[in-house]
Amino acid sequence: MIDIALPKGRLGEKVYELFENMGYSVNESLKTTRKLVLEDSNKEVRFFLIKPSDVAVYVERGVADIGIVGKDSLIESGVDVYELLDLGMGKCSMCVCSPINYVDDGRKTLNIATKYPNITRDYYINRDIDIIKLNGSIELAPLLGLSHVIVDIVETGGTLRENNLKVDAKIMELSARVIASKSRYNFNKAAIDNLINLMDTRTI
Amino acid sequence: MNIDFLDRKSNVSLNLEDLYSRFGYWKYTMNRFESYAFYMENENFLNDNRVITLQGSSGKLLALKPDVTMSIVKNYKMLGKSKIYYNEPVFKVPQGESEFKEIHQAGIEYIGNVDVYQTAEVLNLAIKSLQTIGEDYRLCISHVGIVNEVLESLKFSVSEKYQVITYLQQKNSHDLTKYLMELGRVEDIKIFEILSKVDGDLNEGINFLIEQNMFKGLEFLREIATILSEITDCSKISLDFSHLSTTEYYNDLVFTGYVKGLANSVLSGGRYDNLLSKMGVRDKSALGFAVNLSEVSKLPAKKVSKRKIVRYNDTKKPLDMLKEANIWFEEGESFCILQGGSQ
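Line by line, the protein sequences give chains D and X.
Counting from 3, one number per residue, gives the positions in the first sequence under this note's numbering.
Counting from -11, one number per residue, gives the positions in the second sequence under this note's numbering.
Calculated from the structure, these hints are not laboratory results.
As the structure is a computational prediction, the values presented were derived from the model and not from experiment.
Each hint should be verified, as a subset may be incorrect.
[Claimed, not checked] With a Cα cut of at most 20 Å, we get these calculated EDC-like pairs of lysine to aspartate or glutamate:
#, chain 1, residue 1, chain 2, residue 2
1, X, 166, D, 22
2, X, 89, D, 82
3, D, 73, X, 103
4, X, 149, D, 124
5, X, 185, D, 195
6, D, 93, X, 170
7, D, 191, X, 170
8, D, 172, X, 170
9, D, 93, X, 181
10, X, 224, D, 88
11, X, 166, D, 202
12, X, 166, D, 88
13, X, 248, D, 202
14, D, 172, X, 124
15, X, 248, D, 82
16, D, 191, X, 192
17, X, 248, D, 88
18, X, 286, D, 82
19, X, 185, D, 88
20, D, 73, X, 221
21, D, 10, X, 189
22, D, 172, X, 163
23, X, 149, D, 82
24, D, 191, X, 189
25, D, 191, X, 181
26, X, 185, D, 46
27, D, 191, X, 6
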């Protein structure tokens, strides 16, 4: 049996579609079910539906063999896990953005609003910064003067344009990754490797 | 003596002391406080340089037990023993956590001429230690020396080395390939693909690497693997280059042990000639490992054999009751004598 931590929401549904295409089925719709644990006993796979930012923790703590997680959550959480596959889904970028007229002269403390304080701290390692940790609607912060810039995920750039914001720098490219528990991988290696190879061929 | 009454951690701890002692290792007891300056001079050998300090009566800063191996190496000449074991708490911030924790460790160190026998003996004791903790275990063997030699020969900078090792530790070959391409090192991708491919059977892995004719030090590893194949179940041992260290601590063979049911590794060790050399012991080499007993306590408790409950009343003379108790004790029974009720 392989235990898989799936993120609730759009990414989890897309990944589950991939599993369905590979012949896996739990006879339930992920969009409507209220169950948190779903099983395909024929294929010996169990899916746990977990809040996206918690997936990495479930895998690191050895509750699940593997998990699907955005690279942003993976880096921000700093978990000690294997990163076995880039699924190439949910592609986007982690960027520094600011109002169209804002110019950072680099001479004063930079106020940064973000959901990702660890990624921000690493990026500005040699700069005097003040991180304002927010949980949503990050784009609002510089518009209301709460911060000079934001560090956030940019997909199409539509939200930025509608709010008169621009991208100042791209920190990293992001996509969904398959991660594995370091301990459980060693006890379930053959089954996990088979599944990863199958997923790899389907995502090319 | 039956030690089934002990909790799992204490039981394993006692069995490990018995194992190491019977294989000829001498017990080392570490001072609670040691010079802080010593640990700061050698901070490159610590996984995390945060140390609990306090001021001694002379004004000097003292460190509270950050690392047992460094203490043993520092005192090696005075100890005059090549085989040493310990069973000690250390105080450090575990990886991924933000607070100091007391971590109970038991382990062994061999300091001398690390030949084939001594290496095989240490690995044999590592396997026996894992068997003491749980029936289903895995020992992952790796080699820092092989990877470092590749990185040196390809002239990677310090920060590039760190990044490559991090990707290898994560088995993250997709980002490693991308990183090497960004560095313009397309021709170097193959050698890391070979190292990443080695991830399984110990003997097959070594033979595969020998066939590539690109790496040194494999004959020694093959001798060790041949011995291990004769004495233990090699399906539980793998060669896997994700088990590397970014510190200067290890320089050659390294190994990590897992027990089913525990999310973190429970045993880690390897050869640490660099540390020995830094501390002035240049004519010797060293090999050892530590078992994290604090992890062992996370395993479910084993069922303890029931002790019989005996009740006495006024009709029973205390002397007779105690005599009976002593007889049960001599017979190896467990019991608890309480007041009240009929016998």
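(Q) Check the hint pairing residue 248 of chain X with residue 82 of chain D against an upper bound of 20 Å on the C-alpha distance. (A) holds (18 Å)
Satisfaction of hint between residue 46 of chain D and residue 185 of chain X, Cα-Cα up to 20 Å:
With Cα atoms ~26 Å apart, residue 185 of chain X and residue 46 of chain D exceed 20 Å; violated.
So if I understand the rule, the pair passes when the alpha-carbon distance is 20 Å or less; does residue 191 of chain D with residue 181 of chain X pass?
holds (19 Å)
> When you check the alpha-carbon spacing of residue 185 of chain X and residue 88 of chain D, does it fall within 20 Å?
Replying inline: OK: residue 185 of chain X and residue 88 of chain D at ~17 Å, within 20 Å.
Original post:
Can the restraint linking residue 166 of chain X and residue 22 of chain D be considered satisfied, given a maximum Cα separation of 20 Å?
Top reply: Roughly 30 Å separates the two Cα atoms, so the pair is violated.
- Item | Distance restraint between residue 89 of chain X and residue 82 of chain D, which requires alpha-carbon spacing of 20 Å or less | Measuring from Cα to Cα gives roughly 18 Å; hence the hint holds.
20 Å limit on alpha-carbon distance, applied to hinted pair residue 149 of chain X and residue 82 of chain D: Between residue 149 of chain X and residue 82 of chain D the Cα gap is close to 19 Å, so the pair holds against 20 Å.
*Pairwise hint evaluation, residue 189 of chain X against residue 191 of chain D, where the allowed Cα distance is 20 Å at most*: Satisfied, since the Cα-Cα distance of roughly 11 Å is no more than 20 Å.
* To do: With a cut-off of 20 Å on the C-alpha distance, tell me whether residue 10 of chain D and residue 189 of chain X pass.
  => Measuring from Cα to Cα gives roughly 37 Å; hence the hint is violated.
Q) Given the proposed pairing of residue 166 of chain X with residue 88 of chain D, does the C-alpha separation stay at or below 20 Å? A) holds (11 Å)
20 Å limit on alpha-carbon distance, applied to hinted pair residue 191 of chain D and residue 6 of chain X: Violated, at roughly 33 Å.
Discussion item. Check whether the Cα positions of residue 172 of chain D and residue 163 of chain X lie no farther apart than 20 Å.
Written reply: Given that 20 Å is the threshold and the Cα spacing comes to 17 Å, the pair holds.
Comparing the model with each numbered hint stated earlier shows that hints 1, 3, 7, 9, 10, 13, 14, 17, 20, 21, 26, 27 do not hold.
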